Each structure stands twice: as C-alpha cells, then as structure tokens.
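Trainee: As they're listed, the protein sequences go chains A and B.
Residue numbering for the first sequence follows this note's numbering, beginning at 1 and increasing consecutively.
Residue numbering for the second sequence follows this note's numbering, beginning at 1 and increasing consecutively.
Just so you know, the hints here were simulated from the structure itself, not pulled from any lab data.
All of these numbers come straight from a predicted model, not from anything done at the bench.
Just so you know, not all the hints are guaranteed correct.
What the hints assert, rightly or not - FRET-style restraints, in silico, Cβ to Cβ:
1) A:Phe39 / B:Pro8: 41 to 49 Å
2) B:Pro86 / A:Lys3: 18 to 26 Å
3) B:Pro86 / A:Asn19: 24 to 32 Å
4) B:Ser83 / A:Leu80: 37 to 45 Å
5) B:Lys64 / A:Phe46: 27 to 35 Å
6) B:Asn70 / A:Lys3: 14 to 22 Å
7) A:Phe63 / B:Gln60: 15 to 23 Å
8) B:Ser15 / A:Thr72: 27 to 35 Å
To be verified - From the derived model, a few chain A residues whose C-beta atoms are all more than 10 Å from chain B:
9) Met10
10) Ser23
11) Thr34
12) Gln42
13) Asp67
14) Leu99
15) Gly104
Glycine is no exception: its CB is placed at the ideal position from the N, C-alpha and C atoms.
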Amino acid sequence: LAKTTQPISMDSYEGQEVNITCSHNNIATNDYITWYQQFPSQGPRFIIQGYKTKVTNEVASLFIPADRKSSTLSLPRVSLSDTAVYYCLVAAEGSARQLTFGSGTQLTVLP
Amino acid sequence: GAVVSQHPSWVICKSGTSVKIECRSLDFQATTMFWYRQFPKQSLMLMATSNEGSKATYEQGVEKDKFLINHASLTLSTLTVTSAHPEDSSFYICSARKRDRGLGYTFGSGTRLTVV
C-alpha cells in the first residue's frame, strides 16, 4: 500500500486559497489519488479523485505532476466551514483493497 | 449516488454488555464493507474487512471474538462489540464499496460508543 505524507496542520484566513500537498513516493501505476474531508464526529466525505494532471469539481481542484509522486489539493476561497481534517489516500481502481488513512491535515480557517 | 447509513449515531452502554452497530448501503449493493475505529485526535484505523457471504478479515491486533462482524447481505453489515469495556469507547465508522463503481468508497456518519 502506498504510504502518504501530509502536513499535520495548516492555518488560513477566510477567502484565501489553500493548497495542501501530499507525498506518495511509492504510488503504483494503477493507483488513484483520492482526497477526503472529515468534520469532528462525522465520517469522511469524498472531495475529489484523480489519476494524473488536473481534476476540478465544484469544490476543489487536484493537481498531480507527471511523476505522480505527490498531489496538491486546492481549495479556492475557503470559509470557516472548511475547517476540517483532510486526508489524502491512494488505492487501485477496481481493487477491494481497503483505504489506508494517514495522519491527515488539520486545516483551520480563521476569520 | 452512493449513500451509506450507519446506526446508531451514538450509544452509551454499561461495561460488560454488547452493542451492535449497523451499516447499510441504501442505494447500491456493497460486496465489501470496512470497519474503522477512530480515537480522539487520531486518524482512522482499519479494524476489519467484511465480504458478503464470507468471514471477515481482521487487522492485526483486533480481536475477532470481541468485534463480531456479519455481512449477511449486499446491503447490510453489522459490527457487534461484545463484553464492552471503557477502553472500547471510540468512534466507529463503516465504509462500503459500490460493486460496479471502481473505487467508490462511501463512508457512514459514524457511531460514537461510550462504555461506562
């Protein structure tokens, strides 16, 4: 299973763009990169998933360089409600392999 | 969509009793479900993987006789914490994978178990 490394915590202010980078040096060819958000006392919620280059949806963008050894989750114009823990995971498409959670990044958005 | 319902959302039980937590996939069939445990300020730790119609696979250090998992149908998995003790107090979360949806992992809302 590819191990991921993320910053333990980050602080930002409302309205700013936040970029959280995840390192996954031993990512396998068939692994996808997925980001989840977790609020206290709730289950993780899917944010975005990608394989290479850039993926964008209504809440975030995901940037993946050509070597795929890292990825960056970009949250545009964060608000106080974006304060949460963000997890980066890698897993193979179509595999029943369980998701392995790293430490995650505690994002705190300040007023 | 892919919705996973977990029940109850919180439970308080006395030490020595058993507690059952249900995880249901509401709008899809889940061949595989996962159970996680999360202590305060920590990440999710996988406890076991359950496959419909077969025995669960437990992670190292997780007592299978204490944490009974049953996945009798494609939409329901249950986790029973037997003879609960205060150290079993934690946040339990299930996850289900939609059968024909590649990764498709969806998480339940979690169950806060407090053993007194």
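Trainee: None of the hints should be skipped; say for each whether it holds.
Mentor: Quick rundown of the hints versus the structure:
no. : hint                          : result
1   : A:Phe39 / B:Pro8: 41 to 49 Å  : violated, 19 Å
2   : B:Pro86 / A:Lys3: 18 to 26 Å  : violated, 32 Å
3   : B:Pro86 / A:Asn19: 24 to 32 Å : violated, 41 Å
4   : B:Ser83 / A:Leu80: 37 to 45 Å : holds, 42 Å
5   : B:Lys64 / A:Phe46: 27 to 35 Å : holds, 29 Å
6   : B:Asn70 / A:Lys3: 14 to 22 Å  : violated, 31 Å
7   : A:Phe63 / B:Gln60: 15 to 23 Å : violated, 35 Å
8   : B:Ser15 / A:Thr72: 27 to 35 Å : violated, 46 Å
9   : Met10                         : holds, 16 Å
10  : Ser23                         : holds, 16 Å
11  : Thr34                         : violated, 7 Å
12  : Gln42                         : violated, 6 Å
13  : Asp67                         : holds, 21 Å
14  : Leu99                         : violated, 6 Å
15  : Gly104                        : violated, 6 Å
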